[in-house]
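Visitor: Each chain, written out:
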Amino acid sequence: MTPARREIETLLLTSFAAVPLYATNAVGVLPLVMFHAVMAGIILRVARGKSPELIPAPVMRVVALLYIGFYVVDAAFISRNAIAASTHLVLFIATYQPIESARTRNYAQRLLTTALIFVASIATSTHITILLFVIAFAFLMFRQLMYVSHIETVAALGHEYAEPPSSRAATFYLAGTACIAAVLFPVVPRVRNPMMQGIGGSLTNASTGLSDTIDFNHERSSTPDPSVVARVWISADAAPFFTPIRLRGAIYDRFSRNQWLQSAGRFRELRSRDGVYRIARPVGLQRVMTVQQHLMSNSRVYLPTGAYAVSGLPALFEGPQSEALTTMPLRRATDMVTLDVSVARDIEPLRSVEPHVVNYPRNDEVTALARQIVGPSSDPLEQAGKIEQYLSTKFRYVADPSAIGHPMTVDRFLLRDHVGHCEYFAAGMVALLSALDVPARIAGGFYGGRFNPLTGYFVIRREDAHAWVEVWNGTRWTTFDPTPATLRPGTDQTGLLRAYVSALGESVTYYWDRYVLTYGLGDQVAMAANAITAVRDAMRSVKVRMSDQMTRLRSPSTVAFILVILAAGALAISVAGRRRPVFDLLASHLRRFGINVGPAMTMEEALAELRANHPYDARELEPLIAMYEAERFSPHPDPRRRKTIRRRLAELKA
Amino acid sequence: MKAPPFAFDGVVRLTKVGTSYVLFTVVIGFAALNTGNNALYIGLTFLLGCLLLSGIASKGGLKHLRVEFSAIGQPWVGRPAHGMLRLHNDSRIWNVRDVVICGGELEPVLVPIVSRRSAIEVPVTLHFDHRGIVTVNRLDFYTRYPFGFFLKKRRIRIHGEVIVYPRVLAGERERRRMEATAEGEIATNRIGIGGEVHSFREYVRGDSLRHVAWKKSASLGRWIIKQTEAEAAKSVHVVLDPYKPLGVSDEAFEEIVSAAATYIYYSMERGLEVILSLPRVSLHSKADDATPLFRALALVEPAYEPFAIPYERNAVVFSVGRHDDARTA
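Going down the list, the protein sequences come from chains A and B.
So the first sequence is numbered by the numbering used here: it starts at 1 and just counts up by one.
So the second sequence is numbered by the numbering used here: it starts at 655 and just counts up by one.
No lab work stands behind these hints: they were computed from the structure.
Since the model is a prediction, treat every value here as computed from it, not as a measurement.
You may find that some hints are simply not true.
Claimed, not checked - Using C-beta positions, here's what the derived DEER-type ranges look like:
| id | chain 1 | residue 1 | chain 2 | residue 2 | range |
| --- | --- | --- | --- | --- | --- |
| 1 | A | PRO615 | B | GLU955 | 54 to 62 Å |
| 2 | B | ILE812 | A | ASN530 | 48 to 56 Å |
| 3 | A | SER299 | B | VAL681 | 26 to 34 Å |
| 4 | A | VAL508 | B | PRO777 | 31 to 39 Å |
| 5 | A | ARG611 | B | ILE812 | 50 to 58 Å |
| 6 | A | ILE78 | B | ILE774 | 53 to 61 Å |
| 7 | B | ILE812 | A | GLU651 | 24 to 32 Å |
| 8 | B | VAL681 | A | ILE78 | 21 to 29 Å |
Said to hold, decoys possible - Straight-line distance between alpha carbons at most 25 Å, and here's what the computed DMTMM-like set of lysine to aspartate or glutamate pairs gives:
| id | chain 1 | residue 1 | chain 2 | residue 2 |
| --- | --- | --- | --- | --- |
| 9 | B | LYS670 | A | GLU629 |
| 10 | B | LYS670 | A | GLU219 |
| 11 | A | LYS643 | A | GLU629 |
| 12 | B | LYS713 | A | GLU152 |
| 13 | B | LYS717 | A | GLU163 |
| 14 | B | LYS807 | A | GLU160 |
| 15 | A | LYS394 | A | GLU219 |
| 16 | B | LYS670 | A | GLU9 |
| 17 | B | LYS717 | A | GLU152 |
| 18 | B | LYS807 | A | GLU629 |
| 19 | A | LYS386 | A | ASP346 |
| 20 | A | LYS50 | A | GLU7 |
| 21 | B | LYS670 | A | GLU7 |
| 22 | A | LYS386 | A | GLU348 |
| 23 | B | LYS713 | B | ASP783 |
| 24 | B | LYS713 | B | ASP663 |
| 25 | B | LYS670 | A | GLU160 |
| 26 | A | LYS653 | A | GLU604 |
| 27 | B | LYS713 | A | GLU163 |
| 28 | B | LYS670 | A | ASP584 |
| 29 | B | LYS807 | A | GLU9 |
Claimed, not checked - The following residues of chain A were derived to be distant from chain B, with all beta-carbon distances above 12 Å:
| id | residue |
| --- | --- |
| 30 | LEU112 |
| 31 | ARG168 |
| 32 | ARG190 |
| 33 | ARG257 |
| 34 | PHE267 |
| 35 | ALA344 |
| 36 | GLY474 |
| 37 | LEU553 |
| 38 | ARG579 |
Using N, Cα and C, we set each Cβ at its ideal position, and we do this for glycine too.
Just chain A, with the same shape it has in the complex (with noise of 0.2 Å):
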């Protein structure tokens, strides 16, 4: 490789280094998009055969010196953040070093200075395509670091060697490596400072998408997000009873300047009896789910319509907004909940309610079409039900609401557009029934979810964000959804390929999330457990079949089929030991002594060496030589002979 690649390889790899920053947003894309754009610049230079210099560097060693007055200004008012700071420094500090190389050899703390991007850029992602990321970067760095140790060693020779080939061989030492680094990760002790904060970013799916209000003051937008929120586990036969999913978070029960807003509730903690927090009274079916769920920042639990009770959260309070359920939050923006929730058909609350109807103002076209609905009906069930199926049937859903095009109040919604999305359909509904003296208001969460069959759950997105209505039926609160069901969020139809693609990518960010991302040090100690219990299990289990074996022995019948064999086998090597020839015996009794008989040696030959170091066993030996001798070269075989050469070997080797 030339000097030229090779430099213009080591300034791809800084570049390269920094890329995962633009996605994190550790550092702004301003200082960025300068890095990126004066290493191109440099890049450029010396791919035209010119030296690195895109700026001379007596001015940059000035800027260099400016740069550390500004480091301060930046960490105290710009950034207002010593990490953010920091990189730009480093990233500064990168462009330097190529301009400076070109009068100092600085190869080696350049390496350092790219290694350090690396770092500030995986420190702050949390996306499973940082794996990618960090394997591509190991293996341009393996590369560079090779070369840096070949010119280390041809410098110090003083003489010019050509560098071999490296790629292979970083291919090879990027696979050990990673199988190292596999091995290494779940073992490394997770003992973190509980006084430091951290510097991870927040996970792109750690909030949900909802807002604190519903604001139709202003144009609603949506954007897809498929960032994950919630996963639950529901048993095969709760499925059908508690399905689609419903997880509510906040109710929107009060109306002012065409807002729907949270009525603000009084912060408690709740009690727990055994790890169990009781929130409400059940009815009817109950079973059991499990969720997994990002916290928001204000840390709301988000539970299934009909949740009672929830264990697996260490604190858990009602507030500050009605009928909101939040818990302490988690160390790591990256860490989740598992909660375990106790669901019924119908849930009744635990202390009485009085609920009122939403301030909504009255309008008389609002309340004759609402009477227009109903009918005679005056069942507040029944007047929900017919509302729900006529705004469902008569009004047209949008998916996104900036297809409206304009800011619509809730009026315009029923009485002349007749277009909206879930929000309006909900907020409609609510205006309809408040109308007639109905005490409804808005439920906003998530619905629906897909399911996943490689894992067994259903995935809900920030994307699945939905918002519904609860009408008070004189004891509790039921659930009316206006919004068609075939359009509402996770129901859109997907080719089964498609579905397992899907399926699959969800599974492998499970995993991600889970054990790695999430990993810590109560998985380190379970690991352990498991490790003792399971040597423990096996050392038990091998005891065990050494008794049973050890009674299987004893039995007669045992002892004397080992008998038998051992019998056998004696008689076996007699007979093997009978039929050798008699050559082989002298070899094998000649080996004693160190002399190794091979194809081409003689046995006078061997005896004569024997004479030479072991004159003594030469002499007993000697008879039986000259008998195999005559034996072999006889015109008539003696098996007598044989039998006697055989013997006298026996007494001698005993």
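Given the coordinates of chain A, assemble chain B onto it according to the supplied hints.
Guide: Showing chain B alone in chain A's frame:
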């Protein structure tokens, strides 16, 4: 031979790159422990894996190297001798790259790559600083491979003896001074290549039939060989007196040996026959080959008692102790 700057006693050294790497790993480890960030743990385990593999690779690579000299050219004191090292990599796993081989007399040489389960020939240069039997009993192998974190060393024992010829003085002055004198084609009264008959002797095995004195053999009834007399113009007689009186330095003695070697060397270069006389032995050069003479000069040891070496009037005597009665070059 001057040792390379990275030579050291011991087995392994952490290089500057390695030190930086270890410090970097410690910092990342500290950050990971402090923050509990598993992305940093991924980086940390990769760093540790790389460090571990680097150590295993450098050790495993050198461990399975075997080496032997496959050839060494004529070794002279003060002149580079070219040789060939045969390097075997018996490892089933590790290719070895960027290995520097050095030893006492060996000029450091870099072997770019020795693939696993293969052997290569490496041209080497040796430098000897004294004549005689030189034992090459070890070679040091150094490598920074794969990543330059460690400088790993392995000393390999080999068993090799080389007879190093004395120094031949180069330079025009020495050459002129050492040129053999042409004294005309006169008989030297020594047996050698020439036209005049010197003497007769009994045939012994190995004698050429061309030298049989047929008439004499016929008259005596047995094989008689005719010995001719060497011609002075085509031959020189060199005498090296190894006597080293007390007070004469070893360097002075070595200078005399070098002078004799130089004289023989240039005489051979001019196509003369050379006879070297040492105590109890006289050696003749054969055709263009004076190897036995140089070998004898390489092995000659100083004597601490005077010898009586018979030499002729025209002999060139090299001595450190008899300036009064000998002509020295």
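Visitor: None of the hints should be skipped; say for each whether it holds.
Guide: How the hints compare with the structure:
no. : hint                            : result
1   : A:PRO615 x B:GLU955: 54 to 62 Å : violated (42 Å)
2   : B:ILE812 x A:ASN530: 48 to 56 Å : holds (53 Å)
3   : A:SER299 x B:VAL681: 26 to 34 Å : holds (32 Å)
4   : A:VAL508 x B:PRO777: 31 to 39 Å : violated (54 Å)
5   : A:ARG611 x B:ILE812: 50 to 58 Å : violated (37 Å)
6   : A:ILE78 x B:ILE774: 53 to 61 Å  : holds (59 Å)
7   : B:ILE812 x A:GLU651: 24 to 32 Å : violated (49 Å)
8   : B:VAL681 x A:ILE78: 21 to 29 Å  : holds (25 Å)
9   : B:LYS670 x A:GLU629             : violated (73 Å)
10  : B:LYS670 x A:GLU219             : violated (61 Å)
11  : A:LYS643 x A:GLU629             : holds (14 Å)
12  : B:LYS713 x A:GLU152             : holds (19 Å)
13  : B:LYS717 x A:GLU163             : holds (23 Å)
14  : B:LYS807 x A:GLU160             : holds (22 Å)
15  : A:LYS394 x A:GLU219             : holds (23 Å)
16  : B:LYS670 x A:GLU9               : holds (23 Å)
17  : B:LYS717 x A:GLU152             : holds (22 Å)
18  : B:LYS807 x A:GLU629             : violated (58 Å)
19  : A:LYS386 x A:ASP346             : holds (21 Å)
20  : A:LYS50 x A:GLU7                : holds (12 Å)
21  : B:LYS670 x A:GLU7               : holds (21 Å)
22  : A:LYS386 x A:GLU348             : holds (24 Å)
23  : B:LYS713 x B:ASP783             : violated (33 Å)
24  : B:LYS713 x B:ASP663             : holds (16 Å)
25  : B:LYS670 x A:GLU160             : holds (22 Å)
26  : A:LYS653 x A:GLU604             : holds (20 Å)
27  : B:LYS713 x A:GLU163             : holds (21 Å)
28  : B:LYS670 x A:ASP584             : violated (63 Å)
29  : B:LYS807 x A:GLU9               : violated (31 Å)
30  : LEU112                          : violated (6 Å)
31  : ARG168                          : violated (9 Å)
32  : ARG190                          : violated (6 Å)
33  : ARG257                          : holds (44 Å)
34  : PHE267                          : holds (29 Å)
35  : ALA344                          : holds (38 Å)
36  : GLY474                          : holds (51 Å)
37  : LEU553                          : holds (42 Å)
38  : ARG579                          : holds (40 Å)
Figure legend: structure checked against the earlier numbered hints; hints not met, in rising order: 1, 4, 5, 7, 9, 10, 18, 23, 28, 29, 30, 31 and 32.
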